[in-house]
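J.: The task is simple: from the sequences and hints, build the whole structure.
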Amino acid sequence: MRVVNFAHGEFLMLGMYAAFWAFTLLHADPYLTLVVAVPLFLAVGWGSYALIMRPIVHTSHNVQVFTTVGLSIVLQNLALVLWTGDARFVRTSYYASVINLGGAVLNLAQVVAFVLAVALTAALFAFMRFSYTGKLMRATAQDRSAAMLMGIDTGRIYALTWAVGITCVGAAGVLLAPIYPVYPTVGLQFVLIAYIAVVLGGLGDMAGALIAALIIAAVEVIGSYTIGTSWKEVLYLLLFIAILVVRPSGLFGQRGSETLGV
Amino acid sequence: MRTYALAIAFFAAAGLAPLVVDDAFLLDTLVLILVWGCAAGAWNIAGGYAGQISLGHSAFFGLGAYAAALCGVRWNISPWYGVAIGAAVATAAGTVIGFLANRLRGPYFVIATIAVSQVLLLGAARWRGFTAGSEGIPVPFRAGFWALGIADKRIWVWIVLVLALVVYLSQLYLERSRRGFQLAAVREDEDAALSLGVRARRLKVAAIAASAAFTAVCGALWAQYVGFVDPLYVFSVDLSVRFSLAAIIGGLGTALGPFLGAVLVTTVETWLRAEFGGLGSHLVGLYLILYGIALIVMVRYAPQGLMGLIYKR
Amino acid sequence: MRGVTKRFGGITANRGITFDVAAGELVGIIGPNGAGKSTLFECISGFYAPDEGEVELEGARLTGLSPDLVCRRGIARTFQKLRPFQGMTVAENVMVGALTRTRDVRHARDQAHEWLRRVGLSEKANAYARTLSTGQRKRLELARALATGPRLLLLDEVTGGVDQRSIPALVELVRELHAGGLTLLVIEHNMRVVTAVAQRIIALHLGEVIADGAPAAVARSPRVVEAYLGQAYVA
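Residue numbers (numbering that gives the first Met the number 0), protein chains in the order written: chain A, 0 to 261; chain B, 0 to 312; chain C, 0 to 234.
Keep in mind that the hints were calculated from the coordinates and are not lab data.
No experiment lies behind these values; they were computed from the predicted model shown.
A few of these clues could be false.
Going by beta-carbon spacing under 10 Å, a handful of chain B positions derived as facing chain C [claimed, not checked]: (1) Arg125; (2) Arg141; (3) Gly179; (4) Ala183; (5) Val197.
Label pairs and their computed distance ranges (CB to CB) [what the hints assert, rightly or not]: (6) A/Val220 <-> B/Phe98: 26 to 32 Å; (7) A/Ala140 <-> B/Leu171: 30 to 36 Å; (8) B/Ala87 <-> A/Leu25: 53 to 59 Å.
SDA-like, lysine to any residue: derived pairs with alpha carbons at most 20 Å apart [stated by the list, open to error]: (9) C/Lys80 <-> C/Leu131; (10) A/Lys231 <-> B/Gly132; (11) C/Lys80 <-> C/Arg199; (12) C/Lys80 <-> A/Asp142; (13) A/Lys231 <-> B/Leu231.
Positions of the beta carbon are idealized from the N, C-alpha and C atoms, including for glycine.
T.: As structure tokens, this is what we get:
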């Protein structure tokens, strides 16, 4: 779609709050909420596209940047006003449970989140690769005018692309809720990693993003082990900047794609 | 002359206000308006005039703030040195970011700027030995002009007003000078500008570096005024967004726009904070929701901001 | 140009292109779509660096220099897809070009007005560039490039999209510039225009030079005919 969504982290935050409220008010386990969250966020995605993104999809980068920044501000502060800035916790019964995998002690919630996330990513990848709609989306991404000439309703494809993106990040939020505290500005730290993963992996390459995310996680963990936990974020941020300097198109991206200005 | 009437009125009013106004709260608001106006104006040099939108300008602001604070706390020298040191370091940082600007376009550059400011945030918050970590640095108050320890808010207004005039005039310079025209060409269409012999890359770096330096000076003065430097605030993305918000609402790429935007943003904020601050600070978020919506609407339908509405280009 | 070769992935846009242009010549460059004409201009003007070969201007190496440096060395160009500075006035557009040669803004403004007069856009001087018609934009693009004071001007499809009535005036302008000593390389699809102004024509096809000589000879060359019209037409 060639649009960077600066409100991406805020939809993650909304996912986390969704899990929290479902848990607190309905005693619903987050993984159950996940099932409801998918159609919910599809709707949210569709709605936000129609309301906010559609008018600006063909405008300049600056307009797009500030529209999504504005959206980010609105969502963050909506959460702040409605639910206050206090950190919330989804303390499921298995919060502290661990499982033993060949000597490594892993937090259960994290493992489940990992497995489900990989599954979702694989499903998304398969969808993009093999389904008809997925092909439509990729075609539109490659050449908008050609796609239109082929009779593809690019407006709807964009709406779908956007909605799918929102759904993914909302689902991610639900998965993360049992593990991390929930507060209005929680989106930033995660979205930054997401951007780094996408750039490192190469813009427009999903498999690349996944691999890049794993690399970042590895760097983070190794870093916190060797240098100390307080510096690990600095490590991958510096890695990010270094990549931008040395190979901005990422590990798997096309050379020069970053200078096309998306 | 007519086009400058508003600017003259603004600066004259700001300059004369301390002579007629006594109320500390109002003077405080005026100082903040001018500081944020300067910061927005500095951002505007890179974002509006050079077309390099950045959401990491808090990096420069923070550098300036820390420079001033550390001068007072660690090295026991006048914070005016902090202003200079902050500006120098920020210029270097700005040059690095300018280098990035030449390798990335659009939103990816924005993300890079955010990353840089967050690196500094984390660095400042974690480097206990140097910056007293995430507790921040209280800026010591030593009376006297040389130590920038000034209790009288009226003098602060005039100090910041001088900076405001410099920032304003610098922007005007960019509207009339050779470099300014070339920069505008780069902003409009970099390749076309290149084909006409414009040194696009160099100009972009220079604009960002200048923008960084001004922002750092703002940060240094602000630190002395407010008396406390908190890394989580001073390097925050929120702060960066705030600079751009004021510039865009006021009029991107205009000399007076950032100041008008700052007037609007600051007055609403301080008023709301005064009204609702006690009830529950989370309600203060209300005005930010309005700004978010204003940003979304304005950037699409009134891209020239307040200046555009006033001057119907 | 010597052996200039430019590849994009699997496509060789320019293959071993070699020719010399003498000062004061007006050379037309023709060829069907995809022949590599614009790519050639990109290589000369510095927007692309050729994969092989050299570009030289009066002995000085130009290959791989950045576009702004190429311009300052004396080569200016227009773009096929017009690129006026939309947010600036017509005069300001030309000033940007003029400012490459002079530091003084006032002087640049005067020069800009002078060039606008020569291309016939004086009355539009204070209009915003985005309000111009295609023909006017072509002339603006020309004036802007000329303001940089080039020795060699690369014109890319200067009559493209211009209505028939305005073409003679444009052609006349090109002739005047040439008469004034300017060296010109002109990409054109309009054969009448090319044969009218060019002293020499270079024909490109699929990235290679297939003809180089006087207009009449080139027009009759069997390879050129074949390239444009196909095998069947070769007499």
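J.: Indicate, hint by hint, whether the structure satisfies it.
T.: Against the structure, the hints come out as follows:
Among the interface hints, the one on arginine 125 of chain B is violated; its C-beta lies about 41 Å from the nearest C-beta in chain C, farther than the 10 Å criterion. Annotation: interface hint on arginine 141 of chain B violated; nearest CB of chain C at approximately 46 Å, more than 10 Å. The interface hint given for glycine 179 of chain B holds, since its Cβ lies 9 Å from the closest Cβ of chain C, which is under the 10 Å cut-off. Look at alanine 183 of chain B: its Cβ gets to within about 6 Å of chain C, closer than 10 Å, so that hint holds up.
A distance limit of 10 Å between C-beta atoms decides the matter here; for valine 197 of chain B the minimum to chain C is near 6 Å, and the interface restraint holds. Look at valine 220 of chain A against phenylalanine 98 of chain B: about 30 Å separates their beta carbons, and that is inside 26 to 32 Å. Taking the beta carbon of each, alanine 140 of chain A and leucine 171 of chain B are about 43 Å apart, not inside 30 to 36 Å as hinted. Alanine 87 of chain B and leucine 25 of chain A have their C-beta atoms about 57 Å apart, which keeps the hinted 53 to 59 Å range intact.
For the hint pairing lysine 80 of chain C with leucine 131 of chain C, the CA-to-CA distance comes to about 14 Å; that is within 20 Å, so the pair holds. With a C-alpha separation of about 16 Å, the suggested pair lysine 231 of chain A and glycine 132 of chain B falls inside the 20 Å cut-off, and the hint holds. At most 20 Å may separate the alpha-carbon atoms for a hinted pair to count; lysine 80 of chain C and arginine 199 of chain C exceed this at roughly 25 Å. With a C-alpha separation of about 19 Å, the suggested pairing of lysine 80 of chain C with aspartate 142 of chain A holds against the 20 Å cut-off.
Note on lysine 231 of chain A and leucine 231 of chain B: the hinted pairing holds, with a Cα-Cα distance of about 17 Å set against a maximum of 20 Å.
Comparing the model with each earlier hint shows violations of hints 1, 2, 7 and 11; every other hint is respected.
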